[in-house]
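Chemist: Protein sequence lines, in the order shown, are assigned to chains A and B.
Under this note's numbering, the residue at position 33 of the first sequence is numbered 15, and the numbers go up by one with no gaps.
To get this note's numbering, take the position in the second sequence, counting from 1, and add 386.
Worth flagging that the hints you see were computed from the coordinates, not collected in a lab.
Here a beta-carbon is modelled for each residue, glycine too, at the ideal position from N, C-alpha and C.
Some clues are possibly wrong.
Unchecked claim - Just the calculated beta-carbon pair ranges, DEER-fashion:
id, chain 1, residue 1, chain 2, residue 2, range
1, A, Arg44, B, Gln601, 21 to 31 Å
2, B, Arg620, A, Pro62, 25 to 35 Å
3, B, Asp543, A, Thr135, 48 to 58 Å
4, B, Lys494, A, Gly117, 27 to 37 Å
Said to hold, decoys possible - Here are the computed lysine-lysine pairs in the DSSO-like style, where the Cα-Cα straight-line distance is at most 30 Å:
id, chain 1, residue 1, chain 2, residue 2
5, A, Lys113, B, Lys615
6, B, Lys552, A, Lys113
7, B, Lys490, A, Lys45
8, A, Lys14, B, Lys623
9, B, Lys602, A, Lys39
10, A, Lys113, B, Lys602
11, A, Lys38, A, Lys137
12, A, Lys113, B, Lys479
13, B, Lys602, A, Lys45
14, B, Lys602, A, Lys118
The residues making up each chain are set out below.
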Amino acid sequence: MQTKMSRRAYGSIALAGALTLAINVVWAETMKYEVVDGEAINAALTDQAGDAANGKKVFLNRKKGNCLACHVVSSLSDQPFHGEVGPPLDGVADRLSPGEMRLRVVNPKVVNADTIMPAFYRTDGFERVLKDFEGKPMLSAQEVEDVLAYLQTMKE
Amino acid sequence: MKGEITALATIVALTTGAGAIAFAADDWGKFQVEDRRSGYTYATAETQAMQDDEFANPAMLWVEHGEEAWNKVDGEAGKSCNSCHGNAAETMKTVGSTYPVFAKDIGKLENVEDRINRCRTDNMKAKAWKYDSQNMLGMVSYVKRQSLGQPMSVKIDGEAAPWFEKGKAFYTQRRGQLDMACSHCHVDNAGNMIRANTLSQGQGNGFPTYRLKWQKPGSLHRRFRGCNKQVRARPFKTGSDEYLALELYVMWRGRGLPVETPAVRN
Chain A
-17 MQTKMSRRAY GSIALAGALT LAINVVWAET MKYEVVDGEA INAALTDQAG
33 DAANGKKVFL NRKKGNCLAC HVVSSLSDQP FHGEVGPPLD GVADRLSPGE
83 MRLRVVNPKV VNADTIMPAF YRTDGFERVL KDFEGKPMLS AQEVEDVLAY
133 LQTMKE
Chain B
387 MKGEITALAT IVALTTGAGA IAFAADDWGK FQVEDRRSGY TYATAETQAM
437 QDDEFANPAM LWVEHGEEAW NKVDGEAGKS CNSCHGNAAE TMKTVGSTYP
487 VFAKDIGKLE NVEDRINRCR TDNMKAKAWK YDSQNMLGMV SYVKRQSLGQ
537 PMSVKIDGEA APWFEKGKAF YTQRRGQLDM ACSHCHVDNA GNMIRANTLS
587 QGQGNGFPTY RLKWQKPGSL HRRFRGCNKQ VRARPFKTGS DEYLALELYV
637 MWRGRGLPVE TPAVRN
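Bound-form chain A, shown alone (with noise of 0.2 Å):
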C-alpha cells in the first residue's frame, strides 16, 4: 500500500513535470537536450569534442548508424550498396547547420512525424522493441557527436 501511494504520487509528479518541459525540452534516459523552435539541437550532446574519424566508423558500421544503408554519400564510393531511401547527403553540411543536423540524427521525428529515419538518440516511445535494445539509445551521446563531426566534412 505504501510503495504504491508513494509510486503514483511520484509519477504525477513526473507527469506535471513532464508537461512542462514538453514545450521544447525532451526528457529520457538520455541526456536532456533542447530543441530549438521544432529545428534544431544546438547545444552538444557532450563535452568532448566530435571525433570525425571515429565518426565515419559509427556512420558505417552495420549495427550502429548503417546509415548507407538508406543514403548514398559519393565521397565512400568504395563501399558497396548504398541505399536509395534518404537524400544522398553529399553537400548536406552545405545545407544545413550543425544544430540541424544533430536533430536529424538525435530525432528526425520532430521535423517529420512520418519519416521512415529512425530516431539514434531516443529511448521512449517505442513499440515492442527486442528485450537487448530495450531501453538504450542506438547510439551514444558521444557516438552522435562524432558522427556529426564526420556530417560537417560533407561538403562541396
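Keeping the supplied structure of chain A fixed, place chain B upon it in accordance with the hints.
Modeler: Then chain B, alone, in the frame of chain A:
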C-alpha cells in the same frame, strides 16, 4: 540493422544489378494488377527463371513431399486428406487464392496451416504439425500450388471485417528500436534499395516462398517475424491472431495478383 539489410550473402552479387530483362519496364504482364506488383517483378532475371522452371525451382521438392502426404493415411481415424477431399486439383483449386477465411465453426479467422491442422486433429485423429516443419511446408505448398495463377481474392467483409481492420492497423504501426512500420518499407519505399536489397511491395501471393538466403521455403508468418526482427521489434508467434489478421490484410493488398506458390526470392 540486423538480418537481411546487413547480410552480405554471396547471392547478393547474383541478385542485384540489372534486374529482370524478360519484361519491358512497367509491363509486368500478369505479375502486375493496377499499381500492385508481385515480388517477382522486383527479383532478378535469374531468380525469376528459377521460379518459372518446375525442374529448377528448388521448392518443388516440398510440393512433391506434400503430394505424397496428401495420399498417405495417418492418425487413428485411418484416413488421408485424399479420403475426404479426393482430387486436390479440383477440390483445392481456390484455397490458395481465398485464404485466410473466417471459419464460422471455430469463430475465428483461419489460414491454410490452421485448417490443415484442424483436419489432422479433428478428422484424422492425427497429430498437429508445427509451422515451418517439413510436413507443414510441404502440405501448404502442395495445397496452394493447386491455385497456381488464380487471382488472389480474400473476403474482408462480414465477420472477417474486424480481422481486416486489425491487420490494417498493424501495417502502419511503428515497431522496434528502429521505429518503422511495414508501410514505411513496402508502401513508401517499394522499388528503392535499402542496402543491398530492393524493397518490394511485400506481397504474400508466393508463399510458402523459397528464399535463397534460407535455402528452404518459409511460411508467410516466418517472413513477418523476420521483418519485425530486422527493425529490432519483438516478433509475434507464428499462427498468432496478430499475424493471422496481418495475413488477411497482406493478401488483400495483393488482390488480383496470381498465386505463385512456391515462389523463389532473394
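Chemist: If a hint holds in the structure, say so; if it does not, say that too.
Modeler: Hints and how they fare:
1. Arg44/A <-> Gln601/B: 21 to 31 Å: holds (22 Å)
2. Arg620/B <-> Pro62/A: 25 to 35 Å: holds (31 Å)
3. Asp543/B <-> Thr135/A: 48 to 58 Å: holds (57 Å)
4. Lys494/B <-> Gly117/A: 27 to 37 Å: Given range 27 to 37 Å: holds, Cβ gap about 35 Å.
5. Lys113/A <-> Lys615/B: holds (11 Å)
6. Lys552/B <-> Lys113/A: Cα-Cα ~25 Å, so holds.
7. Lys490/B <-> Lys45/A: Given that 30 Å is the threshold and the Cα spacing comes to 46 Å, the pair is violated.
8. Lys14/A <-> Lys623/B: Measuring from Cα to Cα gives roughly 37 Å; hence the hint is violated.
9. Lys602/B <-> Lys39/A: violated (35 Å)
10. Lys113/A <-> Lys602/B: Measuring from Cα to Cα gives roughly 28 Å; hence the hint holds.
11. Lys38/A <-> Lys137/A: Cα-Cα ~15 Å, so holds.
12. Lys113/A <-> Lys479/B: Violated, at about 43 Å.
13. Lys602/B <-> Lys45/A: holds (26 Å)
14. Lys602/B <-> Lys118/A: violated (35 Å)
Checked against the numbered hints given earlier, this structure breaks hints 7, 8, 9, 12 and 14; the rest are met.
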